[in-house]
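Novice: Residues per chain are reported as follows:
Protein chains: 2
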Amino acid sequence: MTADVIDSFRDTPDERLRAVLASLVDHLHGFVRDVRPTVAEWESAIRFLTATGQACTADRQEFILLSDVLGVSSLVETLNADASGDTTEATVLGPFHVTESPPRADGDSIDLVGRGEPCLVTGSVRAAGGAALPGASVDVWQCDDEGFYDVQRPDRQPPGNGRGLFAADEQGRFRFRTVVPSHYPIPTDGPVGELLRRTRRHPYRPAHIHFIAAAAGHRPVTTHAFVAGSPYLDSDAVFAVKPSLIRECALVDDPVRAAAAGLPNPFRHVEFDIVLRPESP
Amino acid sequence: MTADVIDSFRDTPDERLRAVLASLVDHLHGFVRDVRPTVAEWESAIRFLTATGQACTADRQEFILLSDVLGVSSLVETLNADASGDTTEATVLGPFHVTESPPRADGDSIDLVGRGEPCLVTGSVRAAGGAALPGASVDVWQCDDEGFYDVQRPDRQPPGNGRGLFAADEQGRFRFRTVVPSHYPIPTDGPVGELLRRTRRHPYRPAHIHFIAAAAGHRPVTTHAFVAGSPYLDSDAVFAVKPSLIRECALVDDPVRAAAAGLPNPFRHVEFDIVLRPESP
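For the protein sequence lines, the chains are A and B, in the order given. 11 is the number of the first residue of the first sequence in this note's numbering; add one for each residue after it. 11 is the number of the first residue of the second sequence in this note's numbering; add one for each residue after it.
Simulated from the structure, these hints should not be mistaken for lab results. On a predicted model such as this, the values are computed, not experimentally measured, just so you know. Take the hints with a grain of salt, since some may be wrong.
Given that identical chains are not distinguished, each listed pair holds provided it fits within a single copy or across any two copies.
Said to hold, decoys possible - Calculated cross-link-like contacts (lysine to any residue; reagent style SDA-like; alpha-carbon spacing at most 20 Å):
hint, residue 1, residue 2
1, Lys252, Ile16
2, Lys252, His39
3, Lys252, Leu89
Using the sequences and the accompanying hints, generate a full structural model.
Specialist: Next up, the structure:
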């Protein structure tokens, strides 16, 4: 049976697709043979997958969430990143990169609400050898101080709150103002939330800011800066924490620096330097 | 990573669910490690699964179709049926058991349209030892002479066309009138159709009539009677053909038998005897 199904894909013109499908059928049938689902269990699986697809909207990606809580997203990112020691580790994209981040100027604030603890984020984008990457794009997105992304709370946050697309300066540096993000539960009102409840798993992610950094000639990296000391750093619901990505969120009590940053005093400061790998090894 | 994800399900109260999820994570991560998808390929997979869920409606089940073309449905049925030599083999439910079959009396016609080659179906439901199972329920559904189910063509077929729920008589026998079903393509206007096109697989199923037979104290069987001589018996798009389920669709040219059956002369005749296993082995 399994061999017949794999053989049915023999004329697939795209070799990669053929290989992926052969592996998929092999592993999927292996899973079925292992667990020997009853027909009722198979029907439950069909219902679950259908509900997961139907929970997706323009602003919500429940299948990414499923991939996340099963550790698949993190595994894919890790296998792709294949980071050598000194480049920035990748982690999951997550389900909230659903809108384009608005382009913003160096130093701008991505906080359009004005609630929460003020925070300055500074950093740089460099090549593995240490050379600055001027003009590198830095796409950032984060939740607010209550743990919600703009698309989750259109009544309380304007579109683009917590999001920004920045270009690194001539020294490869970037800076923006924001508020300290909160740890938060992933959305639990859909099929993935039901899965977590039935398995007694908590839905929380530790506080983090998402980044995608990209520069010509280099592999883009999708990653997070995690806030040191946040709850759930040791049990992230989506298995995305890597120790190398945890950053202090230092309290700065210095009116001169606050004024220079355009922030009230005191404020928090996160430094996040990103190192990209060359495109071809 | 894989061990961490499996461990995250450790507090699942339902032992069976815990075991299924552990096996799922193991096989799913094994698949990911084998094929090492790029992030773009992972995104394609997410889009495909999302589109598959969103193609489902009250009358259409695209995830069952996906399960079918990957041979999973047939594998699940086969593992569950675990037929001993003399009981009727199971095969897939398929995606068109989406409405309840209307109850009909012995000998009724399930053809509400009057187009196609008239056909008499007779058979019996018996226990493995040979004993008749009076009152056994026989749920049947089939496509029309053009290869479409009622729910696919609401403009050309009334609801319930090609469907009927019968009760076997005191001798465990059932009979109904219909038309010879056509071979047909599974729906190709959704994501599964796109998969078949990209892999150069044809979408056809050989001609068949679906049955679910059930009787107290016995395991119900979900199966088909396949029409002998139909195209695609050797390459069913959903891997559901079993030689034991192929039946002659004999031409009967006999005005007396035709009149007795309530059919024009000549007509076709299919005999399909079903043998159920006892509930507990």
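Novice: Going through the numbered hints above, which ones does this structure break? Give me the numbers in ascending order.
Specialist: Failing hints: none at all.
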